[in-house]
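Undergrad: Below, each chain spelled out in residue letters.
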Amino acid sequence: MEKLIEKYYRPRLPHIWCPGCGNGIVTSSIIKAIDKLGLDQDKTVIVSGIGCSSRASGYLNFDTVHSLHGRALPVATGIKLADPELNVIVITGDGDGTAIGGNHFIHTARRNINLTVILFNNNIYGMTGGQYSPLTPTDSKATTAPYGTLERAFDIAELAKAAGATYVARGTAFHANMLVDVIAKGISHDGFSLIEAVTQCPIYFGRQNKKGDASAMLKTQRDNAVTVEAAKKLSPEQLEGKFKIGVLHQSEAPEYTKQYQAIIDRAQKGAK
Amino acid sequence: MAKVLLLQGNQACAEGAIAAGVTFFAGYPITPSTEIAEIMAKRLPEVGGKFIQMEDEIAGIGAIVGASLTGKKVLTATSGPGFSLKQEFIGYATIAEVPIVIANVQRVGPSTGQPTAPAQGDMMQARWGTHGDHPVIALTPASVPECFTLTIKAYELSEKYRMPVLLMLDEIIGHMREKIEIPDYDTIEKPVRKGPRVGPSEFKAYEPDSDGVPPMADFGTGYRYHVTGLVHDETGFPNGSPAATEKLLKRLHEKVERDIDKITMYEEYKLDDAEIAIVTYGGTARSAYAAIDMAREEGIKVGMFRLISVWPFPEKEIAQLAQKVKVIVVPELNYGQMVGEVKKAVEGKVPVKPMSKYDSEPISPKELLEFVKNL
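Note that the protein sequences, when read in sequence, are chains P and L.
So for the first sequence, UniProt numbering puts the first residue at 1; every next one is plus one.
So for the second sequence, UniProt numbering puts the first residue at 1; every next one is plus one.
By construction, these hints were calculated from the structure, which means they are not laboratory data.
Even glycine gets a Cβ: it sits at the ideal position worked out from N, Cα and C.
Treat the hints loosely; a few may be bogus.
[Claimed, not checked] Far from chain P by the CB rule (all over 10 Å, computed), these chain L residues:
id	residue
1	A26
2	M124
3	I182
4	K204
5	D209
6	T228
7	E246
8	G340
9	E367
[Stated by the list, open to error] Partner residues are not named here, just some residues of chain P that face chain L (Cβ under 8 Å, in silico):
id	residue
10	K7
11	K43
12	N61
13	V65
14	P74
15	A82
16	N103
17	H107
18	S235
19	E255
20	Y260
21	I264
[As the list claims (entries may be wrong)] Label pairs and their in silico Cβ distance ranges:
id	chain 1	residue 1	chain 2	residue 2	range
22	L	P200	P	I5	16 to 26 Å
23	P	E85	L	V47	12 to 22 Å
24	L	K204	P	G38	23 to 33 Å
25	P	R152	L	P200	44 to 54 Å
26	P	N177	L	P242	42 to 52 Å
27	P	T128	L	G348	40 to 50 Å
28	L	T221	P	N177	32 to 42 Å
29	P	K3	L	K204	22 to 32 Å
Turn these sequences into a full structure, and let the hints guide you.
TA: As structure tokens, this is what we get:
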């Protein structure tokens with residue numbers, strides 16, 4: 001069998017990510033999900049924005065777009081609507097996807113267009129050297145918050161659900177196999193899917209916030225993550241400081257490109 | 001069957017897009033361009049195309065960039081404030097060489113300005129609005145029929161040079177109604193994108209032909225290439241070396257510069273014996289025709305050089321004009337924008353007189369006549 005790395009990765013090593021970065025783990029989970037589903041490589045497009053995680057598109061052997069900061073979703077929407085036969089997967093980060101791209105995020109979810117968004121959440125702007133993002137926990141240190149962050153972080157899964165996403169899941173770099181599973185389910189889901197992938201940035205988030213090295217940060221993911229099933233048996237007190245992983249929300253709603261095709265069919269019949 | 005219709009400029013622009021084979025529009029409502037979006041919303045599904053109203057101006061242009069990568073001809077339409085917001089993707093489409101067309105129906109600015117009143121105040125933003133060095137192609141229709149033909153032309157240029165083309169309407173042209181004879185769309189030659197001539201294994205996504213333009217593969221056809229706004233080499237992957245940077249920026253400019261004579265379009269009106277030349281464009285040219293006819297009746301030898309393509313600026317033609325006439329007048333609905341380009345090309349050989357109007361009203365033929373008489 002052809003190795004995943006040979007089939008799905010472009011021979012472009014070394015990558016730009018720092019030692020201990022979780023982005024490689026999340027990227028490999030995406031690839032394993034694509035392979036598991038047997039997606040046609042020629043009919044799969046990966047679109048990213050700008051930032052550390054968004055550099056993943058350049059390493060993967062598909063039609064790929066490294067777009068503008070925050071703008072992966074509009075570009076992906078254009079690709080998907082123009083050619084609904086393509087599988088369109090979006091790679092974004094917490095800054096890219098929820099700050100500068102926040103408006104696109106809620107509206108793309110609302111539209112329920114069949115895109116799969118994997119949001120790499122490392123709680124920080126890594127590419128620019130450690131500034132706080134909308135997913136940086138309150139009272140964290142960042143180069144632009146030397147006295148600690150004042151702002152509350154989004155719960156991005158809740159935001160996506162409230163905005164109309166029909167599939168919302170969370171995984172972590174530590175729970176890499178489960179991440180493969182929730183990404184694969186998201187790709188299979190017919191509608192807007194968000195998978196928040198919690199990943200570690202030991203250099204620009206970990207150092208400033210004394211979170212330890214990469215392995216310590218991975219252990220923190222292990223210790224604080226609670227599966228959706230396990231969480232049902234725990235009290236709010238027991239869940240304090242924890243976060244849920246697994247499929248957080250799934251619902252059915254008409255998918256945008258299919259609805260639009262129905263409009264075309266009507267318009268071409270001359271009906272109004 | 002050809003049809004004779006009474007249309008608005010905005011309608012003619014939308015129909016020109018359909019005639020050129022556009023099958024994708026994404027945009028955001030903004031006065032005075034909104035009719036273009038409204039018409040596309042109705043017309044595109046009829047021809048099997050797609051329309052989407054996006055959450056903002058940036059998303060509108062972002063979506064057409066995405067759709068263009070799948071091989072579709074695409075359009076977005078906007079006006080001043082939206083044009084400002086679209087600049088980052090205009091730069092992206094320039095460096096990533098994605099063919100797109102943007103119609104900007106100009107209104108009074110800056111900022112919200114006078115949304116329903118005409119202006120020609122975005123001419124420099126068209127040239128320099130996105131950051132960094134970049135080539136630009138911008139066309140300025142002066143009639144409803146020309147909105148139709150220049151929209152088709154915009155696709156020919158955009159596909160040929162793989163870059164954004166700007167259709168710089170103004171509110172006068174966008175909302176003016178005129179008679180237009182529209183040919184049967186089947187008789188209109190659809191601009192064609194140059195596709196790869198080699199298979200995926202030999203394909204280098206950004207390796208140019210001798211015309212400086214790389215063939216473009218549609219997404220989903222097995223070529224699996226990378227599109228980025230970072231400086232890249234012929235493989236399409238980022239390459240930050242000084243040599244790669246210079247090579248790319250030079251090529252982007254030169255693919256346009258080498259063809260400037262093919263791209264340049266203008267009209268000469270009663271210029272043969274003219275001593276006074278009016279250099280203008282868009283809605284303002286309409287008043288110039290009338291003013292010239294009135295002046296001619298009074299024995300004043302005046303003619304017009306009407307810019308149809310404004311960018312790249314026809315410097316050579318304007319320099320030649322300066323050899324023939326005694327004075328050049330540049331009326332425009334702004335504080336003085338294209339007049340600077342005219343001065344640059346004329347190099348002081350004859351006086352160049354701006355006639356700027358920025359009170360939200362068009363320049364009337366009589367005003368222009370008076371200006372010419374008082375030179």
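Undergrad: Confirm or reject each hint.
TA: Evaluated hints:
no., hint, verdict
1, A26, "violated, 6 Å"
2, M124, "holds, 23 Å"
3, I182, "holds, 20 Å"
4, K204, "holds, 13 Å"
5, D209, "holds, 21 Å"
6, T228, "violated, 4 Å"
7, E246, "holds, 21 Å"
8, G340, "holds, 30 Å"
9, E367, "holds, 43 Å"
10, K7, "violated, 11 Å"
11, K43, "holds, 6 Å"
12, N61, "holds, 6 Å"
13, V65, "holds, 5 Å"
14, P74, "holds, 3 Å"
15, A82, "holds, 4 Å"
16, N103, "holds, 6 Å"
17, H107, "holds, 4 Å"
18, S235, "violated, 40 Å"
19, E255, "violated, 14 Å"
20, Y260, "holds, 6 Å"
21, I264, "holds, 5 Å"
22, L:P200 - P:I5: 16 to 26 Å, "holds, 19 Å"
23, P:E85 - L:V47: 12 to 22 Å, "holds, 19 Å"
24, L:K204 - P:G38: 23 to 33 Å, "holds, 29 Å"
25, P:R152 - L:P200: 44 to 54 Å, "holds, 48 Å"
26, P:N177 - L:P242: 42 to 52 Å, "holds, 45 Å"
27, P:T128 - L:G348: 40 to 50 Å, "holds, 48 Å"
28, L:T221 - P:N177: 32 to 42 Å, "holds, 34 Å"
29, P:K3 - L:K204: 22 to 32 Å, "holds, 25 Å"
Checked against the numbered hints given earlier, this structure breaks hints 1, 6, 10, 18 and 19; the rest are met.
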